[in-house]
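Chemist: Now for the letters of each chain:
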Amino acid sequence: MQITVKLFATFREGRFSVEGREYPEGTRIAVILSELNIPEQQIGMIMVNARHAEPDQELHDGDTLAIFPLVGGG
Amino acid sequence: MLTEEQIERYSRHIILKEVGGKGQKKLFDGKVLIIGAGGLGSPIALYLAAAGVGTIGIADADVVDLSNLQRQIAHHTKDIGVPKVESAREKMVAMNPDVTVKTYQEWISASNIAQIVADYDFVIDGTDNFAAKFLINDACVLAGKPYSHGGILQFDGQTMTIKPGESPCYRCLFPAPPPKDAIPSCSQAGVIGVLPGVLGTIQATEAIKFLLGKGDLLTGRLLTYSALRMKFREVPVKKSPKCPVCGENPTITELVDELDALNVCDLEKA
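Chains A and B are the protein sequences, given in the same order.
Just so you know, the first sequence maps onto residues 1 to 74 in my numbering.
Just so you know, the second sequence maps onto residues 1001 to 1270 in my numbering.
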């Protein structure tokens, strides 16, 4: 299945900004985080198709996954 | 009624068809609360004062530190050691004596925020820690008060406007604060000085548009900014039915402090 993965802020460093990527049907978000070497404790927000998601959520063909680090300064 | 001097002062506003004399009066009658008088709070405070927002509240318990001055433009070198809210008020009133500035030299908490927020039309989050960001969200959602979320770190920033009940809130996309040992601080991670200027002026713009009742607010979309790549990106966001504060079965029905989420940018003083 095709997943659009969007990375934000520091997560783009050494990775990418937006990519269409192929995964087996039903792949969970945690698998992608692990593949991209993004530690879960650095994650601020995960969104699938504009809605909040948790790492154990399964993805489906055509989903857009957006991953944000913690941005909490002021 | 505007005096002749005020008509001159706000003339570049008044000639805008979206503002006019009526809009300028709305700004005068408007009450905006800024929580945090640091990087984000500085440009917000100065632009709202310049715009003639009649009542501006500013809350921060901190005093000005030398390491703040690279980005917190409401504070000058002479202000080191002075409470940030006093330093900010001095600049705001010097810029525009028309405005009333109410200062709250205290940390906001579950015990005081509802009372403070109640006096204002619009709230701006310019705080530097997740405990405050979640508390502001909960207080504004429970009170039905529109507010602007803002966050910065290193070269990146994000902002979103929340209209409780109508648009997704901060907890819709971020249900609970991160554990404190996971949170990078500005003192550890750094922040480029102009970054809060970019984000803060967007937040101030939202407050002014809200008071004027003009344009489209930044609701239902998270705006992200990368200074290094000089790119803005907009991410659509939907209300979460499972949101703990504005979802279908909310679990947060009264305010509590998120004690686990430490200050982000002020660890040098902790």
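Keep in mind that the hints were calculated from the coordinates and are not lab data.
Don't take each hint at face value.
[What the hints assert, rightly or not] To be clear about the criterion: a stretch of chain A counts as covered by chain B if any three or more of its residues have a C-beta under 8 Å from a C-beta of chain B, and this derived list gives those stretches:
#1 4 to 11
#2 21 to 27
#3 64 to 70
[Said to hold, decoys possible] List of simulated lysine-lysine pairs, DSBU-like, C-alpha gap at most 35 Å:
#4 Lys1017(B) <-> Lys6(A)
#5 Lys1017(B) <-> Lys1102(B)
#6 Lys6(A) <-> Lys1238(B)
#7 Lys1091(B) <-> Lys6(A)
#8 Lys6(A) <-> Lys1180(B)
#9 Lys6(A) <-> Lys1231(B)
#10 Lys1242(B) <-> Lys6(A)
#11 Lys6(A) <-> Lys1209(B)
#12 Lys1017(B) <-> Lys1180(B)
#13 Lys1180(B) <-> Lys1022(B)
#14 Lys1102(B) <-> Lys1209(B)
#15 Lys1163(B) <-> Lys1180(B)
[Unchecked claim] Interface residues of chain A toward chain B, partial, derived using beta-carbon atoms under 10 Å:
#16 Ser17
#17 Val18
#18 Pro39
#19 Glu40
#20 Gly44
#21 Met45
#22 Ile46
#23 Asn49
#24 Gly74
Glycine included, C-beta positions come from ideal geometry on N, C-alpha and C.
Chemist: The structure should be examined with respect to each hint, and the outcome stated for every one.
Modeler: Status of the hints after comparison with the structure:
Counting residues of the segment 4 to 11 of chain A whose beta carbon lies closer than 8 Å to any beta carbon of chain B gives 4, which reaches the threshold of three, so the coverage claim holds. Only residues whose C-beta sits within less than 8 Å of a C-beta in chain B count toward coverage, and the segment 21 to 27 of chain A has 0 of them, not enough to reach three; the restraint is violated. Given a C-beta distance limit of less than 8 Å, the hint that chain B covers the segment 64 to 70 of chain A holds, as 4 residues qualify and 3 suffice. Only pairs whose Cα atoms come within 35 Å are accepted, and Lys1017(B) paired with Lys6(A) is rejected, the gap being roughly 39 Å.
For the hint linking Lys1017(B) to Lys1102(B), the alpha-carbon distance of about 30 Å falls within 35 Å, and the restraint holds. Proximity of Lys6(A) to Lys1238(B) is assessed by CA-CA distance (about 17 Å); at most 35 Å being required, the pair is judged to hold. Straight-line distance between C-alpha atoms of Lys1091(B) and Lys6(A) comes to about 41 Å, which puts the hinted pair past the 35 Å bound. Simply put, Lys6(A) and Lys1180(B) have alpha-carbon atoms about 26 Å apart, close enough for the 35 Å limit, and the pair holds.
Pair hint Lys6(A) plus Lys1231(B) holds up; C-alpha atoms about 14 Å apart against a cutoff of 35 Å. In summary, the hint linking Lys1242(B) to Lys6(A) is supported, as the alpha carbons are separated by about 23 Å, within the 35 Å threshold. Using a Cα cut-off of 35 Å, the hinted pair Lys6(A) and Lys1209(B) holds, with the two alpha carbons roughly 30 Å apart. A hinted pair counts as satisfied when its Cα atoms are at most 35 Å apart, and Lys1017(B) with Lys1180(B) does not qualify at roughly 48 Å.
Pair hint Lys1180(B) plus Lys1022(B) does not hold up; C-alpha atoms about 47 Å apart against a cutoff of 35 Å. Distance check on the hinted pair: Lys1102(B) and Lys1209(B) sit about 22 Å apart at the alpha-carbon level, within 35 Å; holds. For a cut-off of 35 Å, the pair hint linking Lys1163(B) to Lys1180(B) stands: about 28 Å separates their Cα positions. For Ser17(A), the shortest C-beta to C-beta distance to chain B is roughly 8 Å, which falls under 10 Å, so the interface hint holds.
Proximity of Val18(A) to chain B holds as hinted, the smallest CB-CB distance being about 9 Å (cut-off 10 Å). Hint status for Pro39(A): holds, given a least beta-carbon distance of 9 Å to chain B, under 10 Å. For Glu40(A), the suggested interface contact is upheld, since its CB lies about 9 Å from the closest CB of chain B, less than 10 Å. Given hint, Gly44(A) at the interface with chain B, holds; its Cβ is 6 Å from that chain's nearest Cβ, closer than 10 Å.
Given hint, Met45(A) at the interface with chain B, holds; its Cβ is 5 Å from that chain's nearest Cβ, closer than 10 Å. The restraint placing Ile46(A) at the interface with chain B holds, with a minimum CB-CB distance near 9 Å, inside the 10 Å limit. Because the beta carbon of Asn49(A) sits about 8 Å from the nearest beta carbon in chain B, less than 10 Å, this interface hint is met. With a cut of 10 Å, the hint placing Gly74(A) at the interface with chain B holds, because the nearest CB-to-CB distance is about 4 Å.
Comparing the model with each earlier hint shows violations of hints 2, 4, 7, 12, 13; every other hint is respected.
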